[in-house]
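Peer 1: Protein chains in written order, with this note's numbering: chain A, 1 to 422; chain B, 1001 to 1187; chain C, 2001 to 2473; chain D, 3001 to 3214.
Mixed in with the good hints, there may be bad ones.
Part of the chain C face toward chain B, derived, beta carbon under 8 Å [stated by the list, open to error]: (1) 2080; (2) 2144; (3) 2147; (4) 2326; (5) 2329.
Capping the alpha-carbon separation at 30 Å, the derived lysine-lysine pairs in DSBU-like fashion look like this [unchecked claim]: (6) B:1035 with C:2343; (7) A:384 with C:2013; (8) C:2085 with B:1033; (9) B:1035 with A:415; (10) C:2085 with C:2195; (11) A:10 with C:2007; (12) D:3010 with B:1033; (13) C:2343 with A:390; (14) D:3205 with B:1033; (15) C:2230 with A:374; (16) C:2343 with A:384.
Facing chain B, from chain C, some residues (calculated, C-beta under 8 Å) [claimed, not checked]: (17) 2130; (18) 2131; (19) 2136; (20) 2138; (21) 2311; (22) 2319.
Keep in mind the hints are simulated off the structure, nothing from the lab. C-beta atoms are modelled at their ideal positions from N, C-alpha and C, and glycine is treated no differently.
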Amino acid sequence: MALHLPKYKKKTLEHSLAKYMRPNYVYIPLINAGDTNITVLVQKGDYVNKGSIVGRRKGTFKIPILSSVSGIVVGFEEHICYNGEKVKCVKIENDFKDSELNVKKSKKITDFSKKEFLEIIKEKGIIGMGGAGFPTYAKYDTKRKINTLIVNAVECEPYITADQILGLNFTEEILEAIDAILTINEIEECYIAVKKNNSELINAFNNHIGTYLRVKLFLVDDMYPMGWERMLVKKIIKEDYDRLPIELGVVINNISTIYAIYSALKYNRALTERTVTFAGEMLKAPQNIVVKVGTPVKEIIESIEGYKRAKDITFIAGGPMMGTSLPSDDLIITPNLNCVLVIKSPVNELALPCIRCGKCVQVCPAKLSPVIIKDNLNNIETLKKLNTDKCIECGSCSYICPSRLNIRECVKLAKEKIKEVR
Amino acid sequence: MSLINIFIVGFLTENIVLTKFLGLCSFLGTSNKRKNSFFMGTSVVFVTVISSIFSYLIYKYILVPFDATYLRTLMFILIIACLVKLVELFIKKVNSTLYENLGIYLPLITTNCAVLGTVLVGINSNYNLIEILVYSFASSLGYLVVIYTLSTIRERLDNGAIPKSFKDYPIALIVATIMAILFSRFG
Amino acid sequence: MKEIHIKEGPFLKTENKTNNIMNNLLIALIPIILYSFYKNGIVPYINGKSTIYQMLLPLIMIFVSVFVTFFTEYLYGILIKKEPKNIGYHLKTKYSIFPGLFLALILPINTPIWILIVGALISSLIGKIVFGGLGYNIFNPALIGRLFIITIFAVTITNNGGYLNSYEVDAISKSTPLSNYATIETIGTYDALVKPYGTLWNFFFGSIPGALGETSAFLCILGFLYLVYKKAIKWRIPITYIGTVFVMTYIIGSLNDATLWYPTFQILSGGLFFGAIFMATDPVTSPTTPIAQVIYGIFLGILTVVFRYLTNAPEGVLTSILIMNMFVIMIDRLGAYARFGYKKIAILVLVQIMLILGLSLYIAETKENKVNVDPNFNIISKETKNDATTYIVTEKGYSSLIKAEVIIKDSKIEKINILEQNDSFYSKVEESNYVDKFKNKSEVEDIDTVSGATITSTAIKKLARNVLNDYMG
Amino acid sequence: MKKIWNGITKENAIFVLLLGLCPALAVTTTFEKSYVMGLCVLVVLLGSNFIISLIKKIVPDLVKIPVFILIIGTFVTAIEIVLKNELPGLYDVLSIYLPLITVNCIIFGRALEVASKESVKNSILDAIGTGLGFTMALMIIGLVRELFGNNSITILSNDGLAKIFGQNLVIENVLPAFTPINIMVKPAGAFLALALLLAFINFMKSRRKKNVSN
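Please take these sequences and the hints and turn them into a complete structure.
Peer 2: Put into C-alpha cells, the structure is as follows:
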C-alpha cells in the first residue's frame, strides 16, 4: 500500500543544530495556509516589537501574523513563498534589540484553563508546521471530547530532518508540553508516532517518557507517506474518518508545533522561529538551522558557505516528493516551510508510453487508481466516481512509474477539472 | 433445441452483429462514447424483445391464416415503428433525464437492421413463443454486449498514437474483425 | 548569476524503469528458450532423427520471428514517424522483440518459416502498430498473430507435421496431450490421457509434445518466481487463472471418481502455465487494479475450461486470453471503483462463483465417464454361433456411415471387416490395414489412430469399443 | 450528369458516408450476390425516390417516416416476390438480407434528404448515382473477398442468374497456386476487408490533400 524510499538523512544529521538569528531585513509574508486575504495592521514607518501583530487573517480562522524581529516597517515587497507564488510581505528593518512585550516568567504550564490555552495559542500565531499551516487552535477549539492526541514525528519525506533534530535537542520540553496539553484538554492518552528504524529519537524519548504515564511511543514502519494524517490515524486508531480526525476524537500535531506550543505557554513567546533543514547535494554544508520567520533564504545559504557550483541547480521549497521547484532562490521562511532542498537539475528522461503495469495503483496511499484516472481525463462523471479529489498529491505514483511519466500531474489536472465543474 | 442452446446460439455463435452483420450503421455510429452505446444497446434490447413478441403473435394469428406471409416485412416494420413511438412517449412521461439520453437514439432504432433482423430470423426459424422470447433477448443482449465492449475499447483508442488513416472507423472495424474471429471460435 | 531550472513533480524516481522490467522478462524467458532448443532441437539430433538445420530450427524460428517484428516496427518508426535511425533507440522505446519472441514460443515446431513470417507481420502490424504501438494495443500482439495463423494456416501446419518434432513422432506417436484428449469424448482415464506420455512428471518438466516453448511448466514457474522477486509481473493473474482451472477440473474429475491426477493433468497440458504466466500477464493488455486482476484471472479460467470441454478447439488458453483482453478496460474500471465500494464487484464475483460451480457440474454430468450410449452407433444384427458372436454394426465415419462385421471369440475381437463405407480418407486406413490391429484384442484404448485419417480410424476404434462393451454386457 | 458522378465518388454510400454497411458485408461473399444485391437496392432506390419526390408536398410531416417506410416496403416486397418465383436459389441465399433493404440506411437517408426536398428529376438522378455508387462499392468488396476467399469469381452461378442467361460463368483459381485465405469468406474477413479499404481511402485522401497544400 505504501512506498519504501531511500532516506538521504545522514548528511544533515551529522551537523549539530545551528542558528541564524540576525538577518538585516525581515519580510513577513502575509499568508496563512495558502489564504492571502489578510488585513494589514501596520504602515510604513511604524515600530514593531518581536512577536507583535502585523496582520490578521480574515474569514473563519482569525489567526494573527506576527513579526519575528523588533524594528521599523520599511515597506511592502513581493517575494516567493513555499507554494511558489509571489506573496506581499511586510519589510521590517531589524534593530537587533529583539525587544519583546510582556515576556513574563509564566506559571507552571499545566495550570492554564482551556480557554486561556486556546487564547494563547491563537494570539501567539501557532500554526501546523508539518506543511499545511492549519491554525492549531481550531483543532482544540471543539465541543467534542478529544480522547487521543497523536504527535507526528514520522517525517517520512527523504532529506528532511528538522523534526528529528528538534526532538533530539528538546525531548523534555516536548514531553512537558504534551503533558500540559493532555491535562488542559482532559485528553486520556497520547501517542508519539516515530519510525521504527529511527533509533536515536526512540532512545531519546524512552529515557524521559517514564515519568509521563499517559504518553506512549507508537512505532510505525518506515514507509512513505506514513506521516500523512489519514494513514497515521488508520494505523493507530484502526479506524477511518470522513473529513477530519476530530470525528474520531483525535487531534494530530506535528512535533515542531508541540514545541511552539511549549514556548508559547512557558515563555509567552510567539511562533517566530523554526528549525529548517537545508539539504541537497548542491549545498556545500547541508545542516539544520533555527531561523526567524521572514528571513530570506538566500542570506542563510550564503552564511553556510553557499552552493557547490552555480550552474544547473533546481531549488525546491519543501521535500523532494511534495516540494515545489522555484524559479529563483528568493524564498522567504514561513512557519510551515520545513526544508529547503538544492539539488542538481534532474535530466528529463525520455518518457515512454504507459505500459499499464499497475504499480501506481498498488502504491497509492489513498487507494486511487491513477492510470484509470489518466484514461478517463475527459469523462467528469467517471472521475468523480474514481474519488479523484481524495488524491493528496504525495507523488508516490510518479516516483514508482517505470515509464517515467509524471502521473501525479494527470491526477492534479483531473482534480482541477472536477473543481471547475462543481 | 433446449432454451440454453437457443440462448447460446443467439448470443455467441450467431451473434447478430459479428456473424450476421446486422445493425452495423448504429454499431459503428454510436459506439464512440460509452454512454451513447449503453443507452442505444438497452433501448435495442427493450424494443427487440417486445416487437418480436408482437410480430410472432401477428404472424401466427393473422398472417398465416390469411396466407399473407409476403406482407410480413411490412407488418414487422410498422410494429417496430409504432413501438418505438410508444416507448418514446412512455419514457418522456416517466423520467425526462432518461429521455434526454435516449431521445436521440429511439428514432434511430426504426432504421436499425439489428432489430428487424432479429425479428425476421426468429420468425423464419419457426420457434414457439417462449423460444422467440429467449432468442430475441439473447441476440439483442449480444448486440448490447458487443457494442458496449467496442465503445469502451474505442474510447481508449482515440489517442494520438493511431496512424492517421486508421482513425475512427477503420480501427473500430479491425477490433470488430478480431471479435468476430473470437466469437466464431465458440461455434 | 545562478542558473536555476524549474522542474516538475517528485525529484526522486525509482531505478526500476520499463527497461529493467523488460530485461527481467527476457531473463525469465531464457531457460524456456534453451529448453525448447534442447527438446525440439538437440534430442532429435542426438537420436539421429533430424538434420543440422532441424536441430537449429527452434533458434532459427525464434530469431526470424524476433527479427520480423523488430524490423516492421523499426521501418514503421523510421518511414512514417521519422524517428531517429539508431537501433538502440528503437530497442529502448518499442520493445518490439517481445511479440516476435512470444509468437515463436507458442507455435508448433513444424510451422513453415513463411507462415511464421506472415504471423509475425500480422502480430506486429494488426496486433500493435495499428493500435498505436507500445502501450496502446488492446490485444496481446503475439496471440493475434497466432490467432490469424490458426484461422488461416491451421491445415498447412498439421500437414507439415503439426506439433510433433521428429523424435516425438516415433517415440510417442500421439498428438499433443490436449488434441489427444479431444478425441476422447468422455472425461478420460489415467492411462488414456497420461500413460502415453509417461508420468505426470514428464508433463511437469515438459518432455511432452506441444508448442515450441509451452510445455515445461517447471521452467515457467521458475520464470514466474524470478519475476515476482523482481516485481515485474502481475502475480495475481497467473495464480487465479491456474487456480480456477484446477478447482473446476478437480470438481469435474472428482465427480467422475478421477483423483487428484486429473486436475494436475489438465493444468499441466495445453500450454496453460506458459499462457497464464507470460501471455495473460502482458502488462499492456491486462488489468491494472488488483481486484480486476483477480476477476480477470477467474474469468480466464472459466473460459479455458469451457473451451476445453464444450468446444472442439484445443487452443483454449489462447482464445480465452484474447476474449478477456476485450473486457479488460471494463473490468479495470470496476476494479478501480471496487477499491471504495464493494457493491458492483460483489455481484460480479457472485456471478463467477455460480459460473464455476454451474459449469463444472454441467460438464461433469455431460462428460460422464460411464459408457454413454454413442448416439451414432447402432447394432444391426447379433448372432452367437458355438463360441463366436458376430455383430453387424454401423458407426458414423468422416463423411459417411461405416458398416462393419465384428467377430468376437472368447471375449476378444477375432476379426473385423468393413462391409460398406465411402469415407474420403478411407484409403489411408486400408493401406496400413488398420483393421488387423484389432485382432484378438480385448481392449482398444491403446490402439492409435491413423494420422491423416484420424476421424475415420477413431470411428472404427469407437465401433470396436462399443461392440466390446455390448459383448461384456 | 455531375450529380451521378459525385454520387459514385464523393458521396459514395459505403466508402464515404459509411451507410448501408449491413448488407454490404454480409452478402459480398461471392461476386454475383454482390451485384445482384446492388441492383436490387438500385431499383428500390429509384422507385422510392421517384414516388416520394412526387408525393412529397401532400404528405404531412408527422406521418412522414411511416409513409416512407411503407413505400420502400412495398417496393422491397415486390422484389421479394419476383425473386422468389424467378430465382428461388438466389432468394434463399440472400435470405433475410433482401427484406432488410427496407431498413437500409442509404435508401431511408436518401429518401429523407433528397427525395423529399428536391425536384423529381434531381431525385431520380441522385437515386441512380447513389445506387450505382453502392453497387460499385459492393462489387469491389465482393471481388476482393471472393478472390482471396476461394480464389474464384462467380459471375453467373447455376442456381443464380445462370437460369436466365443460360450458361453459368464461374472463373476458377484466378490466381495460380494461391491457397485461399478462408477467413475472407467468413464474417471476420469482411470486417478486415472494409477496414483496409477505408484506411486506404483515408490514406489516399490525406496524400492528395498534402500534394494540394504544398
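Peer 1: Determine for every hint whether it applies to the structure shown.
Peer 2: Verification of the hints:
Given hint, residue 2080 of chain C at the interface with chain B, holds; its Cβ is 7 Å from that chain's nearest Cβ, closer than 8 Å. Interface restraint check for residue 2144 of chain C: the shortest CB-CB distance to chain B comes to about 7 Å, inside 8 Å, so the restraint holds. Residue-level restraint check for residue 2147 of chain C holds (minimum Cβ-Cβ distance to chain B is 6 Å; threshold 8 Å). Residue-level restraint check for residue 2326 of chain C holds (minimum Cβ-Cβ distance to chain B is 5 Å; threshold 8 Å).
The beta carbon of residue 2329 of chain C comes within 4 Å of a beta carbon in chain B, closer than 8 Å, and the hint placing it at the interface holds. Taking the CA atoms of residue 1035 of chain B and residue 2343 of chain C, the gap is near 21 Å; set against the 30 Å cutoff, the hint holds. Among the hinted pairs, residue 384 of chain A with residue 2013 of chain C is consistent with the structure: their alpha-carbon atoms are about 29 Å apart, no more than 30 Å. This hinted pair does not check out: residue 2085 of chain C and residue 1033 of chain B have alpha carbons roughly 38 Å apart, beyond 30 Å.
Between residue 1035 of chain B and residue 415 of chain A the CA atoms are separated by roughly 22 Å; this keeps the pair inside 30 Å, and the hint holds. Distance restraint check for residue 2085 of chain C and residue 2195 of chain C: the Cα-Cα separation of roughly 55 Å exceeds the 30 Å cut-off, and the hinted pair is therefore not satisfied. Between the alpha carbons of residue 10 of chain A and residue 2007 of chain C the distance comes to roughly 25 Å, so the proposed pair stays at or under 30 Å and holds. A threshold of 30 Å between alpha carbons decides the hint, and for residue 3010 of chain D with residue 1033 of chain B the separation of about 28 Å falls inside it, so the pair holds.
The suggested pairing of residue 2343 of chain C with residue 390 of chain A holds, with an alpha-carbon distance near 20 Å, which does not exceed 30 Å. Pair hint residue 3205 of chain D plus residue 1033 of chain B holds up; C-alpha atoms about 26 Å apart against a cutoff of 30 Å. This hinted pair checks out: residue 2230 of chain C and residue 374 of chain A have alpha carbons roughly 26 Å apart, not beyond 30 Å. As the CA atoms of residue 2343 of chain C and residue 384 of chain A are separated by approximately 17 Å, the hinted pair is consistent with the 30 Å bound.
Annotation: residue 2130 of chain C was flagged as interfacial toward chain B, and the flag holds, the nearest CB pair being 5 Å apart, inside 8 Å. Given hint, residue 2131 of chain C at the interface with chain B, holds; its Cβ is 7 Å from that chain's nearest Cβ, closer than 8 Å. Taken as an interface hint, residue 2136 of chain C checks out: its beta carbon lies about 5 Å from the nearest beta carbon of chain B, inside 8 Å. With a cut of 8 Å, the hint placing residue 2138 of chain C at the interface with chain B holds, because the nearest CB-to-CB distance is about 5 Å.
A distance limit of 8 Å between C-beta atoms decides the matter here; for residue 2311 of chain C the minimum to chain B is near 6 Å, and the interface restraint holds. Because the smallest distance between the Cβ of residue 2319 of chain C and any Cβ of chain B comes to about 5 Å, under 8 Å, the interface hint for this residue holds.
In summary, the numbered hints that this structure violates are 8 and 10.
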